[in-house]
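Protein chains in written order, with the numbering used here: chain A, 657 to 929; chain B, 4 to 215; chain C, 2 to 599.
Calculated directly from the structure, the hints in this document are not laboratory data. Check each hint, because a few of them may be wrong.
[To be verified] Here are the computed distance ranges between Cβ atoms for each label pair:
id: 1; chain 1: C; residue 1: T214; chain 2: B; residue 2: F207; range: 36 to 42 Å
id: 2; chain 1: B; residue 1: A132; chain 2: C; residue 2: I17; range: 27 to 33 Å
id: 3; chain 1: C; residue 1: R494; chain 2: A; residue 2: D904; range: 49 to 55 Å
id: 4; chain 1: B; residue 1: H138; chain 2: C; residue 2: A155; range: 31 to 37 Å
id: 5; chain 1: B; residue 1: W70; chain 2: A; residue 2: A918; range: 49 to 55 Å
[To be verified] Some but not every residue of chain A turned toward chain C, in silico, with C-beta under 8 Å:
id: 6; residue: F704
id: 7; residue: T705
id: 8; residue: A734
id: 9; residue: R741
id: 10; residue: V758
id: 11; residue: S835
id: 12; residue: A905
id: 13; residue: Q906
[As the list claims (entries may be wrong)] Covered stretches of chain B, going by a simulated chain C footprint (3 or more residues, C-beta under 8 Å):
id: 14; segment: 154 to 166
id: 15; segment: 198 to 212
Keep in mind the model is a prediction, meaning the values are calculated, not measured. Each residue gets a CB set at the ideal place from its N, CA and C atoms; glycine is no exception.
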Amino acid sequence: MSALRRMAAVAAVLVAAAARADPRPERGYGLPHDASLDGHRVDWLIHFTIIALGIVFLAVLGMLVYAAVRHRGAHVAAYDHGNTRKSALVVLGCVGIVVVVVDGNLFGHAVDDLNGHFWNFSKVEADPRTVRIEVNAHQWVWTVRYPGPDGRFNTPDDIVETNGLHVPLGVPVILQLASTDVIHSLYLPNFRVKQDAVPGSITRLWFQGQEPGEFELACAQHCGPNHYKMRAVLSVMEPAAYAQWLADAQEDARRGFDPDDAEAHWGWEWKRL
Amino acid sequence: MDAVLEERGGRRGPAPVRDLEGYRAATRARGELTAYVGMLVFLASWAMLFGGLFFAYALVRGRAPVWPPVGDPRLPLVLPGVNTAVIALSSGALQSALRSLRRGRPSPVAGALALAAGLGALFLALQVAVWISVHRQGLLPSGGPYGSVFYALTSFHALHVLVGLVALAWLAVRASRGAYGAMRHVGVRLWAMYWHFVGAVWLFLYATVYLL
Amino acid sequence: MATHPAHLGHPELQPIHPAPTSFVRRYVFSLDHKVIAQQFLWAGLIFLFVGGTLAMLIRWQWAFPYRKVPVLGPLFLRSTGGVIGPANYQNIFTMHGLIMIFFAITPVLIGTFGNFLIPLQIGARDMAFPLLNMLSFWFFLVSQLLVIASFLVALGPAGAGWTGYPPLSTNIGMPGLGQTLVVLALFFTGVASTMGAINYITTVIRLRAPGMTYMRLPLTIWGLWFTAVLNALFVPVLGSAALLLFLDRTFGTQFFIAGAAAVRGGGDPIMYQHLFWIFGHPEVYILILPAWGIVGDVVSFFARKPAYWYKGSVYAMATVTVLSGVVYGHHMFVTGMSPLLGQGFMLLTLLISAPAMLLVFNWIFTVWRGSIRFTTPMLFALGTVFVFGLGGLTGLFLGDISLDLYLHDTMFVVGHFHFTMAAASFLGTMTGLYFWFPKIFGKRLDERLGKAHFWITVVGLTLVFGGQLLAGYAGQQRRLFDPFQYTFIQGLRGLNRWTSYFAFALFAGQFLFIWNFLRTVFGRAEAAGQNPWEVTTLEWTNTTSPPPYHDFDVIPEVRRGPDEFENPAVKEALGRDWIGQAEEMPEPPASEAGAAKA
Chain A
657 MSALRRMAAV
667 AAVLVAAAAR
677 ADPRPERGYG
687 LPHDASLDGH
697 RVDWLIHFTI
707 IALGIVFLAV
717 LGMLVYAAVR
727 HRGAHVAAYD
737 HGNTRKSALV
747 VLGCVGIVVV
757 VVDGNLFGHA
767 VDDLNGHFWN
777 FSKVEADPRT
787 VRIEVNAHQW
797 VWTVRYPGPD
807 GRFNTPDDIV
817 ETNGLHVPLG
827 VPVILQLAST
837 DVIHSLYLPN
847 FRVKQDAVPG
857 SITRLWFQGQ
867 EPGEFELACA
877 QHCGPNHYKM
887 RAVLSVMEPA
897 AYAQWLADAQ
907 EDARRGFDPD
917 DAEAHWGWEW
927 KRL
Chain B
4 MDAVLEERGG
14 RRGPAPVRDL
24 EGYRAATRAR
34 GELTAYVGML
44 VFLASWAMLF
54 GGLFFAYALV
64 RGRAPVWPPV
74 GDPRLPLVLP
84 GVNTAVIALS
94 SGALQSALRS
104 LRRGRPSPVA
114 GALALAAGLG
124 ALFLALQVAV
134 WISVHRQGLL
144 PSGGPYGSVF
154 YALTSFHALH
164 VLVGLVALAW
174 LAVRASRGAY
184 GAMRHVGVRL
194 WAMYWHFVGA
204 VWLFLYATVY
214 LL
Chain C
2 MATHPAHLGH
12 PELQPIHPAP
22 TSFVRRYVFS
32 LDHKVIAQQF
42 LWAGLIFLFV
52 GGTLAMLIRW
62 QWAFPYRKVP
72 VLGPLFLRST
82 GGVIGPANYQ
92 NIFTMHGLIM
102 IFFAITPVLI
112 GTFGNFLIPL
122 QIGARDMAFP
132 LLNMLSFWFF
142 LVSQLLVIAS
152 FLVALGPAGA
162 GWTGYPPLST
172 NIGMPGLGQT
182 LVVLALFFTG
192 VASTMGAINY
202 ITTVIRLRAP
212 GMTYMRLPLT
222 IWGLWFTAVL
232 NALFVPVLGS
242 AALLLFLDRT
252 FGTQFFIAGA
262 AAVRGGGDPI
272 MYQHLFWIFG
282 HPEVYILILP
292 AWGIVGDVVS
302 FFARKPAYWY
312 KGSVYAMATV
322 TVLSGVVYGH
332 HMFVTGMSPL
342 LGQGFMLLTL
352 LISAPAMLLV
362 FNWIFTVWRG
372 SIRFTTPMLF
382 ALGTVFVFGL
392 GGLTGLFLGD
402 ISLDLYLHDT
412 MFVVGHFHFT
422 MAAASFLGTM
432 TGLYFWFPKI
442 FGKRLDERLG
452 KAHFWITVVG
462 LTLVFGGQLL
472 AGYAGQQRRL
482 FDPFQYTFIQ
492 GLRGLNRWTS
502 YFAFALFAGQ
512 FLFIWNFLRT
522 VFGRAEAAGQ
532 NPWEVTTLEW
542 TNTTSPPPYH
552 DFDVIPEVRR
562 GPDEFENPAV
572 KEALGRDWIG
582 QAEEMPEPPA
592 SEAGAAKA
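Okay, chain A solo, but in the shape it has when bound (with noise of 0.2 Å):
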């Protein structure tokens, strides 16, 4: 590839990247930013809960404030003990609305959203678009491998980044996460996902962005000093910019690549889980 379409492609690369701006700063006081397909499920049942909660915080918070003015110093009180059959069942009644409404909207749309969405894992990994990503978490970087054009892990072709991730637009993207020393978690907050690295295990997550830009990923599990910077840069790229991407990434990739660095090869064998 000749220098000067090279140097174009990375012209447009940072244009587009400007236009986006760095990860956004929020405003604060609200959820961050939601870039996901999905993440807005979760958006939904927070503000459902928090509504219906609120409701009934006040409620007994009324009673309470009502109780504390009217029924105090010279109001006689009632002689109950509260311990027959109809006052059980008031009290039990209470009880179940609260339990159903609230726990129940909460356990029926986490089943769904886990079983449809979050961690529908077989179903991510049978569509042909998904894009799949290693990530080795280590004190305190975050390393990514994408498989090269042979499409498998641990070869010479792998591409290799720190602390950056970059994927396709509009795709699932499948994480398997490992770490070499301590426990650590991705997060993304801009798409609700998190999932811990554990050393001795791989775990997995996944998620798909719904718009161009430069997101956070944070991790999520104090791992030493300098937990507070382990900090990463996604990149959610449009199609034709990821290509251009993904085309440079392999070019130097195939020149960088040394036989001899073991600590390099970190990769395993995409993993069925």
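Mind docking chains B and C on chain A? Use the hints.
For chains B and C alone, coordinates are given in the frame of chain A:
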């Protein structure tokens, strides 16, 4: 306080007791039952601690593709099997001591207790022999999960045997001085509960660590 | 159960021992449950102050990162020039959590109230095993000394979070003596807790006064008893986790070491999490059950109304106790757990909210149509209901796996457990302290200072932990030395700074209590009288303030439950709205013998 005294017509204390001797016996029995309840709770706690350790063992073993892992020496079966018999006999000796006490025959008690203690010491000696033999074959605590589990479980159990046998020896000494009688042997019963518990843990350990 | 009232009252069964005379036997190596209770109280309050100071350091770091800490910086942070650095930051939040849970709340809420109240409220002279009781305090003190020692070693104390997950807490992540000392301290305090639990359980089962049936026990005793059951069963599991971690650190075993350092496949860090949380989840109920019991009694006492559906409250506490061991997996949803197992834990976790809600409703219905007296203990009890209600509800979000994928390890979790543990347990503890202070010390705390303390505390707690919930909702992770390295958190600088300001104010407000407490204990104050609150339980009705060495001159005979308020027959016969548990109802006048029911 004054209100209570008033109600009792100025009388302090309860109504007088007629059968003081029988009352004293009932009192002692009542106090002993308290000690047994306390010992039961104590043993439940220890059971949970051992339970945590065995749970860890189950998880370690469940994860391993093959057990024992490739390259680790196999554990002996004979000596630990002998140990099972030893500790069972020791519990038996302890039970015979209790039976003698209950029947009001104090003379064999010290001997039975000493036998129980001695068998406990034999158990420890054999356990040390097992450790030495296994160590010589290359199984170390730091050599991987197999060694870790084996040494952790057996040494923690052995520690409990040591505590028990010291207690039994001390009980034997006291029995030889006539400290215990048909109505006065709470200490022996309490330590018997402990000793049988330690024996039961051994049975479970032997089955799951050595046999399975 | 107790069938021989004459026997139990007989001096030989619960003999009145002569009180010890030497200073050492009276105040140092004392067998008296009341003295041991005070030993736990002072030890606990001192460490509560230390834990609070550590919290102030965390809040300073988030409000003013990289700036020198005033006063404490030059004293304790010399190696980093008076500034908090990443390495000592992790020590600070680790020790804050450990100290608050094990060395502050536990000794005061469980050690003090359990030891002081159990014999007195059930009508006994002391615990079943006084020597074991004394030993439990001394084991606890040794564990506190080990904690202090860990601060003094070269590489500092533990730094892997109070949860101490390996491999970070093994030699790989935390080399040095500090972490090992803390693991040992945990073991010792676990032994102390278990010893105490054996005593509490046995004493309540065996030493209740005649007529004190289980269903006449004050709710405080139920709370303490269920706590003791959980302590007895689950602290040993922590012991097993601590033991295995100790072995990994000291003898090179491989229970939890995996990854690069492991030999022959290595261990499983997740196994530690199983063992830890099998203990850890019951632990949070251990820290709240006594508060639930105390609040249940206090709201009844000061609403002058029987505790609403007393049996329901007891069953609710029992249900929570039973379920607490099977919900622990909700701490581990994102560790790669099987979805089926996860959903099972989720179901149980959502269900355990039901008995907790039942308790809250019972408290509300107790207060409803009462005749409320707003004493300081009542204010704190109502405050506990408020913060526990709020905190408990936030737990529902975390029990839902799809929400937990987002909220796990964010400040939302921190806000949730601070509301339920720091706020509710703390306010419950304060309820107990203000309520039983007159009985323990024989004097009365200043009511005005108490009320001021209440308002600053409850408003402060709500603002501080509410701020944490908001930060977590916005996605900020926990345990970050400098959260603002992340672009998505930069908008939260203001929120974090204001939360810190509220935290500083909250801490400052506690000096109202410290001043009130110390001045009353060590200075002159008006005598409390035997039953200043006019309530019904045995420690108030049948003995002095403070009680003598032998607690009761006469073992009481109990006739009714602890919440006989506003009974019309009592009002008519005695002219007041309460009657003590052991009080005899006077015979109705002969002319009304046929008509009246006592």
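Against the structure, the hints:
Under the hint 36 to 42 Å, the C-beta atoms of T214/C and F207/B, about 38 Å apart, fit the expected range. A hinted range of 27 to 33 Å for the beta carbons of A132/B and I17/C is inconsistent with their spacing of about 55 Å. Range check, R494/C to D904/A: Cβ separation about 37 Å, and the 49 to 55 Å hint is violated. Judged by the Cβ atoms, the range 31 to 37 Å given for H138/B and A155/C holds: they are separated by roughly 33 Å.
At roughly 30 Å, the beta carbons of W70/B and A918/A sit outside the given window of 49 to 55 Å. Annotation: F704/A was flagged as interfacial toward chain C, and the flag is violated, the nearest CB pair being 11 Å apart, outside 8 Å. Hint status for T705/A relative to chain C: holds, with the closest Cβ pair at about 6 Å, below 8 Å. Against a cut-off of 8 Å between C-beta atoms, the interface hint on A734/A holds, since the closest Cβ of chain C lies about 4 Å away.
For R741/A, the interface hint is violated, since its Cβ never comes within 8 Å of a Cβ in chain C; the closest pair sits about 11 Å apart. Of the supplied interface hints, the one on V758/A holds, with its beta-carbon coming within about 6 Å of a beta-carbon of chain C, less than 8 Å. Given the 8 Å rule on beta carbons, the hint for S835/A holds: about 6 Å separates it from the nearest Cβ of chain C. A distance limit of 8 Å between C-beta atoms decides the matter here; for A905/A the minimum to chain C is near 24 Å, and the interface restraint is violated.
Restraint check, Q906/A versus chain C: the minimum CB separation of about 29 Å is more than 8 Å; hint violated. Counting residues of the segment 154 to 166 of chain B whose beta carbon lies closer than 8 Å to any beta carbon of chain C gives 3, which reaches the threshold of three, so the coverage claim holds. Residue count for the segment 198 to 212 of chain B with a Cβ under 8 Å from a Cβ of chain C: 0. That is fewer than the three needed, and the coverage hint is violated.
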